[in-house]
Amino acid sequence: MNLPKPLKFTFITLLVIFFVVIANYSALTQNSASAFSTNQYGFNSIRGIDQGYGNLPRFLADVNADNRADYCRFVGDSPNIFLSCNLATPSGFSINQYEFNSIRGIDQGYGNLPRFLADVNADKRADYCRFVGDSPNIFLSCNLATPSGFSINQYEFNSIRGIDQGYENLPRFLADVNADNRADYCRFVGDSPNIFLSCNLATVSGFSINQYEFNSIRGIDQGYENLPRFLADVNADKRADYCRFVGNSPNVLLSCNLATASGFSIINQYEFNSIGGIDQGYGNLPRFLADVSADNRADYCRFVGDSPNIFLSCNFATASGFSINQYEFNSIRGIDQGYENLPRFLADVNADNRADYCRFVGDSPNVFLSCNLATPSGFR
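Quick note on our numbering: the sequence shown kicks off at 141 and runs consecutively.
Keep in mind that the hints were calculated from the coordinates and are not lab data. Please note that the accuracy of each hint is not assured.
Label pairs and their in silico Cβ distance ranges [what the hints assert, rightly or not]:
| hint | residue 1 | residue 2 | range |
| --- | --- | --- | --- |
| 1 | Asn449 | Lys264 | 37 to 45 angstroms |
| 2 | Ile464 | Tyr364 | 16 to 24 angstroms |
| 3 | Tyr307 | Gly194 | 46 to 54 angstroms |
| 4 | Tyr364 | Arg187 | 17 to 25 angstroms |
| 5 | Ala319 | Asn408 | 16 to 24 angstroms |
| 6 | Asp331 | Asn449 | 42 to 50 angstroms |
| 7 | Ala205 | Asn408 | 35 to 43 angstroms |
| 8 | Tyr193 | Lys378 | 29 to 37 angstroms |
| 9 | Asp304 | Ser345 | 13 to 21 angstroms |
| 10 | Pro516 | Asn293 | 38 to 46 angstroms |
| 11 | Asn424 | Pro516 | 29 to 37 angstroms |
| 12 | Gly359 | Gly302 | 46 to 54 angstroms |
| 13 | Gly417 | Ser345 | 44 to 52 angstroms |
Please read all numbers here as calculations on a predicted model, not as lab measurements. Where a beta carbon is used, it is the ideal one built from N, C-alpha and C, also for glycine.
Whenever a hint applies, use it, and build me the whole structure from the sequences.
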């Protein structure tokens, strides 16, 4: 019978463990230099903003190429519903909340298929992309954003007819995986146990006719289905990486399969990692992967702590993985989390390259969209 050998720690090893534990404990028990500011309502919309339809998507993305994420939602009355964006300005969201629009009666897409707002044609404007057409010839089509609004030609940028939409119980993304500034359509395809992540690359003229051009290994670890999965650039190479929670409890960790020039890394799908046993955050509160520190690496942000002192805390991405100090960039304790039945976002609204926490606050009928700005030392 092989018995496990007793662990042996040197004095130096014990010191390292001690300081890692102290660093994480301190961040949870006191405000540090990187704590969020007490001014958590620094960037706002008008009171009583049109929130949009609850059964249609709502986005926070830059549609007018000024590096500020704008609030976009469907408004108006059927059959003339349209997509309208409240533009972000240097001082907050514009008082003209219907400034950037699609045509009336826009094709919203299928309600049971994903809808996105992301830049597919490399002009720095987020485009509205959704699945349209009739089965079996359904395709992904994008209504391009222009300087004056969404194009009157709403089917201008398309995939092949009958595109492989991917599994409905697995995530689907629109993000740039090949560093050409065009968002690509990525989804899980193939048959079990050889399911893999495959991206249909966006090109100058539409999505490539080769819809399986950029792939992961067969049988990729998809991650836990009850924990978030992301496609975002964590290593600052301008390629979105596939990140998910893996491993066994209590040592579950956030691990990223890095995108390379030829596809997702086949050598090591667990190349960029957090500490084992990372604080995953609350399951009933949002979790994000976005750059809050302006280093071009997406950071893992989630709500942590105990009520009533719950706060938003970000685990920074570094050159070698997520920081061992997982509570490095924080909001104030007891932050206003926003309404649970309204969207919450982490996106850059003030053009400083740091993602800001935006949510709906206030009392009806004066509910408004308010952003807790990220700064060099934390959220403001």
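Quick rundown of the hints versus the structure:
1. Asn449 to Lys264: 37 to 45 angstroms: holds, 39 angstroms
2. Ile464 to Tyr364: 16 to 24 angstroms: At 22 angstroms between Cβs, range holds.
3. Tyr307 to Gly194: 46 to 54 angstroms: violated, 26 angstroms
4. Tyr364 to Arg187: 17 to 25 angstroms: violated, 40 angstroms
5. Ala319 to Asn408: 16 to 24 angstroms: Distance hint for Ala319, Asn408 holds at roughly 20 angstroms.
6. Asp331 to Asn449: 42 to 50 angstroms: For Asn449 against Asp331, whose Cβ atoms are near 48 angstroms apart, the range 42 to 50 angstroms holds.
7. Ala205 to Asn408: 35 to 43 angstroms: At roughly 37 angstroms between Cβ atoms, Asn408 and Ala205 fall inside 35 to 43 angstroms, so the hint holds.
8. Tyr193 to Lys378: 29 to 37 angstroms: holds, 34 angstroms
9. Asp304 to Ser345: 13 to 21 angstroms: holds, 20 angstroms
10. Pro516 to Asn293: 38 to 46 angstroms: Once the Cβ atoms are compared, 43 angstroms apart, the range 38 to 46 angstroms for Asn293 and Pro516 holds.
11. Asn424 to Pro516: 29 to 37 angstroms: 31 angstroms Cβ-Cβ, so the 29 to 37 angstroms window holds.
12. Gly359 to Gly302: 46 to 54 angstroms: Hint violated: Cβ distance 26 angstroms, outside 46 to 54 angstroms.
13. Gly417 to Ser345: 44 to 52 angstroms: holds, 47 angstroms
The earlier numbered hints that this structure contradicts are 3, 4 and 12.
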